[in-house]
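Student: In order, the protein sequences belong to chains P and F. Residue numbers for the first sequence, in the working numbering: 1 to 161. Residue numbers for the second sequence, in the working numbering: 1 to 865.
Keep in mind the hints are simulated off the structure, nothing from the lab. Cβ coordinates follow ideal geometry from the N, Cα and C atoms, glycine included. Possibly wrong hints are sitting among the right ones.
Unchecked claim - Here are the simulated lysine-lysine pairs, BS3-like style, with alpha carbons at most 25 Å apart:
1) P/K100 to F/K42
2) P/K145 to F/K21
3) F/K468 to P/K100
4) F/K565 to F/K122
5) F/K173 to P/K145
6) F/K589 to F/K565
7) F/K758 to F/K597
8) F/K758 to F/K671
Said to hold, decoys possible - Facing chain P, from chain F, some residues (calculated, C-beta under 7 Å):
9) L41
10) L643
11) L706
12) L796
13) Q805
14) T819
15) R836
16) L838
This is what each chain is made of:
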Amino acid sequence: MDASRYAHVKLLAADFLSLAVSSSAPPTISRRGRPIYRAEFVGVVVSRDRRPKLLRFLIDDGSGCVPCVLWLNHDLLSKSSVFASGDDLAASAARDHAGKVNLGVLVRVRGRVTVFRGELQITVKDVLVERDPNAEILHWLQCIKLARDCYDLPLAAVTKV
Amino acid sequence: MDFCQHGQSAIKYEKNGPPLKLVVPLSNFIIKCEVIWASALKEIPCHGGKPTIVDNVPCEGIPSSPMVRRIVSNDIFGCILMGIIKITSSGKLQLFDSTGSIDVVIPDIVSGFHCQGIHEVKEFKVVLEGPSMQVESSELHSAELLSCRSFFDELPVKKKISQLVVYVVFYLKNSTCLNAPINLPLCTVDKSNTNASGIAHLLLVTHKFPAAKNCEFDSDASHSSSLFSEALLLPYDAIFHNEDAHNHPSGHSLQKLDGEPVYLSELNIPQLRCCRKPNFVESIWDSPDSKYDLKRAELRPVFACLLTFGSSPQKPHFTGYLCSRGCSVLENKSVGLHPVLLEFISDSFIKYQSLQIGGYYMMKCSKECPLCFQKVKNKETSSKVLLSSKTSLWKVFFSFGMDQHQEQPRYQTSSDNLIREYQTDLVNVCESDLEFQPSCTLLNDISDVHLAITRDSMAPLSQIDLLKEELLNHFSMLQEVLTVTSFIQIMKSDKSSSSSHANSQHGSLVNSNLISIRGNIENMHLFFKFGSFISNENVVHSHRRDECICLHVYDDQNMIYIQGKLHHYTYPVGLGPGVNATFHRVLLKCSSDGFPKLVLTSVSFVVINSVKETGFLYSKRLTMRPQFDRNSEDTLNSVSLSLISNLVQLMDIKRVRLLSRVVTIHYLVLKKLELDHGRSGSRMEIKMPSIKISLAGFLLDDGSSLCCCWADGERAEMLLRLDKISCHPFFQFGDNSVKKSFRYHETIGHQLENMLRKHQKVIMKNHRAVPDVSSLDFTFYVDSSEIFSSAEESLLRFVISNACQGSTFNISGHLMDSTALGLLDMESKDLQDIVRPLPNIWAAEIQHNNSLKQARKLLDELSTG
């Protein structure tokens with residue numbers, strides 16, 4: 001298992017918006033040749049668009065805005081499946097996360113990096129409200145450190161387990 | 001008083017004679033305090049020019065610089081303070097001079113304090129409080145501030161550090177009033193208020209209401225609103241004769257009515273302005289078979305007594321009777337006690353300030369006395385009494401059983417000291433603490449009057465004992481002051497008997513709603529609460545932002561939060577971390593999570609018992625919860641931060657530290673906690689369920705890669721976030737029912753306890769390699785013949801899902817090699833196949849991440865390359 005594939009890469013919005021998207025299907029998203037699957041951002045919610053099946057929102061971390069989508073369509077999945085209980089849980093969690101996304105709130109967002117109509121976005125896995133404003137500064141610094149000590153290193157140097 | 005001649009400094013005098021101290025303007029004194037404060041802050045270990053101590057706010061508060069408090073003796077200043085003592089409309093005492101004012105705390109102030117003159121304070125302690133932010137020394141005055149030259153160079157001198165709070169603590173006995181009468185050097189009683197002749201009513205103060213917040217900044221109390229206190233009017237009146245000081249009680253002032261053992265008091269003479277004309281019988285003890293209709297007797301002389309002002313024999317003292325009203329002492333319990341609201345108008349705020357909850361007070365009856373009218377009406381309803389500066393209100397110190405002909409009362413008898421017995425239990429402070437409330441040894445000095453109940457033929461010793469017992473019983477009517485531990489024990493006992501808690505103590509606590517609790521404040525911080533409000537147009541608006549205060553109050557073992565809105569009322573001088581305080585009438589409120597919250601309301605009154613220095617390394621203490629353990633945090637942060645992607649290269653390093661979040665849980669073993677392990681008794685967190693986590697394997701993500709972190713016990717509980725969710729409700733039918741009200745047995749903590757009571761041991765394994773929470777690969781095993789229900793499965797899934805949505809942890813642990821991994825109790829080969837390729841660590845210490853501290857460290861690291 002390539003553990004780094006499942007890690008949520010800490011990125012600034014400007015960095016995220018400049019990720020390279022391949023034209024293959026499915027598209028591969030990479031940063032300096034390193035594939036990026038999951039990412040984590042910290043920023044202020046500046047836009048919120050709630051629809052029946054999803055919640056679209058933008059988070060601004062000072063370097064740019066990251067488009068995020070939180071799916072709320074778990075209820076539409078088959079209730080008859082043996083996994084209904086897990087879907088209930090996921091649906092409930094998604095509604096909880098959606099409730100946290102309010103304008104002006106500082107949030108930490110984790111999710112998969114996806115492409116929709118050619119634009120990069122985050123398909124949100126979870127949302128955490130950050131009460132401490134210093135969390136944003138720490139995130140900036142962590143982005144810089146991780147880029148320097150991990151992401152910018154040649155792929156061969158990154159430990160694979 | 002000695003004066004220093006102009007041009008000659010105090011230093012010159014020191015060489016030739018006794019050191020002289022300067023009387024300094026208060027504005028210069030405050031600036032000097034700022035200079036001392038700035039130098040005190042330099043004692044705090046700094047990191048890059050900023051204090052390394054950062055307030056850890058474990059609840060939802062706004063992180064801020066920790067508060068530092070220094071207590072400085074007057075010897076450091078080498079000066080004398082002089083000014084007029086005034087009281088503001090918010091009930092705060094202040095010392096004024098023409099250059100400024102400063103808050104003062106006077107522990108030995110009494111109700112009869114009446115000072116119109118200039119006070120000289122030679123011995124005092126200065127308390128400096130403020131955030132631990134360094135002050136630029138260039139902003140402060142560098143010249144000698146407390147010299148004659150500086151006093152005239154710049155006037156008035158303005159305070160530079162706005163966040164610094166300065167107040168002075170001194171005792172009246174260590175100060176003098178320069179223009180007070182010789183016999184009243186401490187201004188402890190007004191000359192006109194030392195005449196006790198007449199009737200006096202006995203009161204027990206049960207509560208003080210805080211001043212409204214909007215009065216806080218009104219330094220002039222002359223046109224402000226009133227302050228209020230609550231008291232019980234006791235069924236005793238004292239009658240004192242207008243006699244010379246050393247005469248003993250006699251019947252000269254009483255006129256015996258013909259043919260009946262009834263006396264008519266002469267107390268209704270116009271000079272005494274008494275509205276009453278009481279009749280009373282001489283003795284009911286000696287004539288139980290008397291034909292006299294006792295109902296005709298308004299008062300019954302039960303005890304002869306001697307009242308003195310102060311302990312000096314030169315002070316005036318009066319003889320008289322302490323009479324029971326309406327019924328005998330034996331019959332009297334709570335019957336005959338009337339609640340009274342005392343309203344203090346502006347010129348009597350000093351009486352309010354000195355009033356002590358739980359203290360006995362004597363109020364002299366005056367013309368149109370409302371208390372007498374209430375007695376006449378004989379109504380149980382409460383009444384309001386207006387107190388002005390002319391009202392004689394004296395704090396009473398009782399002593400019992402002295403001989404009738406004894407010249408002086410036995411003030412120092414420990415066994416007969418009523419108040420001492422109560423106060424000893426109430427306040428327990430360390431020697432190093434600066435006391436705000438009078439200590440037990442000073443009780444004699446801080447009472448206005450001493451009331452000695454004497455022994456004579458009318459009242460034998462046995463009856464005096466009954467009186468004493470009766471007075472002691474009144475304390476049981478006061479709100480019991482709980483300790484933090486006793487409060488938690490009551491709540492816990494209710495948890496254990498939640499299904500049948502109708503008669504539990506918790507039930508009674510909740511029913512009473514308002515409780516009193518005392519403890520040490522470890523942390524105080526602000527937070528904002530959003531709520532709705534109704535505007536003038538009767539429109540409901542949402543998102544009104546209330547500034548609230550959160551106090552973390554602890555005792556030796558436990559901690560609780562007390563919260564309140566900041567704008568509600570004026571908080572007392574000194575409230576902050578490092579303070580021992582008693583919170584009277586705190587609202588015990590059932591919150592939405594089913595657990596009670598303690599809320600300061602507009603009627604809650606906070607009494608500061610003592611303060612101590614804070615914010616220095618030597619003031620550290622052992623704390624009760626792992627996330628609050630600062631000692632542990634320091635140890636943890638001493639390990640350098642690592643990235644998971646680099647762990648493989650660090651296998652030879654014994655200990656690593658990670659900033660990471662939980663992604664999923666691979667393995668979880670829950671066991672029923674046996675109570676005889678003693679854990680429930682030592683549990684520090686009321687919300688934690690009684691379960692034991694034998695082993696848990698978490699998948700962590702720090703942005704660079706993933707690793708497996710193994711933990712047990714409290715560390716596993718923390719990573720599972722059980723402390724956050726155990727008191728939350730869980731409904732297996734989804735969140736449609738979340739808005740319903742729920743009870744404790746519906747909380748996650750209780751349901752986990754029930755599950756383990758049923759199965760003894762539950763094992764969860766996640767066989768999925770991909771670190772996403774999914775129901776697909778969870779397998780549950782139980783150690784019982786019972787069926788593991790779908791509800792129990794949903795519950796565990798919810799707990800796991802919740803753990804994966806938490807914030808960043810600061811985790812320190814030991815790297816595990818394959819040998820160490822083999823020692824873990826993992827029975828599944830599939831699971832081992834998943835975790836073996838990952839770096840594995842054993843969690844040694846876990847803290848919630850302190851963003852500010854970590855950001856500073858990281859910035860240093862990045863800037864140094």
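Student: Work down the list of hints and note, for each, if the structure agrees.
Tutor: Going down the list of hints, with the structure as the test:
Under the criterion of a C-alpha separation no larger than 25 Å, the hint pairing P/K100 with F/K42 is inconsistent with the structure, at around 42 Å. Only pairs whose Cα atoms come within 25 Å are accepted, and P/K145 paired with F/K21 is rejected, the gap being roughly 59 Å. Distance hint between F/K468 and P/K100 is unfulfilled; the C-alpha atoms sit about 61 Å from each other, more than 25 Å. About 38 Å separates the Cα atoms of F/K565 and F/K122, which puts this hinted pair outside 25 Å; it is violated.
Between F/K173 and P/K145 the CA atoms are separated by roughly 63 Å; this puts the pair beyond 25 Å, and the hint is violated. For the given pair, F/K589 sits about 14 Å from F/K565 by alpha-carbon distance, which is consistent with the 25 Å threshold. For the suggested pair F/K758 and F/K597, the alpha carbons sit about 31 Å apart, so the restraint of at most 25 Å is broken. A threshold of 25 Å between alpha carbons decides the hint, and for F/K758 with F/K671 the separation of about 11 Å falls inside it, so the pair holds.
Of the supplied interface hints, the one on F/L41 is violated, with its beta-carbon coming no nearer than about 21 Å to a beta-carbon of chain P, more than 7 Å. Here the hint on F/L643 is kept, as its CB sits about 6 Å from the closest CB of chain P, short of 7 Å. For F/L706, the shortest C-beta to C-beta distance to chain P is roughly 4 Å, which falls under 7 Å, so the interface hint holds. Violation of the interface hint for F/L796 is found here, the shortest Cβ-Cβ separation to chain P being roughly 11 Å, above the 7 Å cut-off.
Interface restraint check: F/Q805 against chain P, minimum CB-CB distance 5 Å, threshold 7 Å, status holds. Interface restraint check for F/T819: the shortest CB-CB distance to chain P comes to about 18 Å, outside 7 Å, so the restraint is violated. The restraint placing F/R836 at the interface with chain P is violated, with a minimum CB-CB distance near 10 Å, outside the 7 Å limit. With a cut of 7 Å, the hint placing F/L838 at the interface with chain P holds, because the nearest CB-to-CB distance is about 6 Å.
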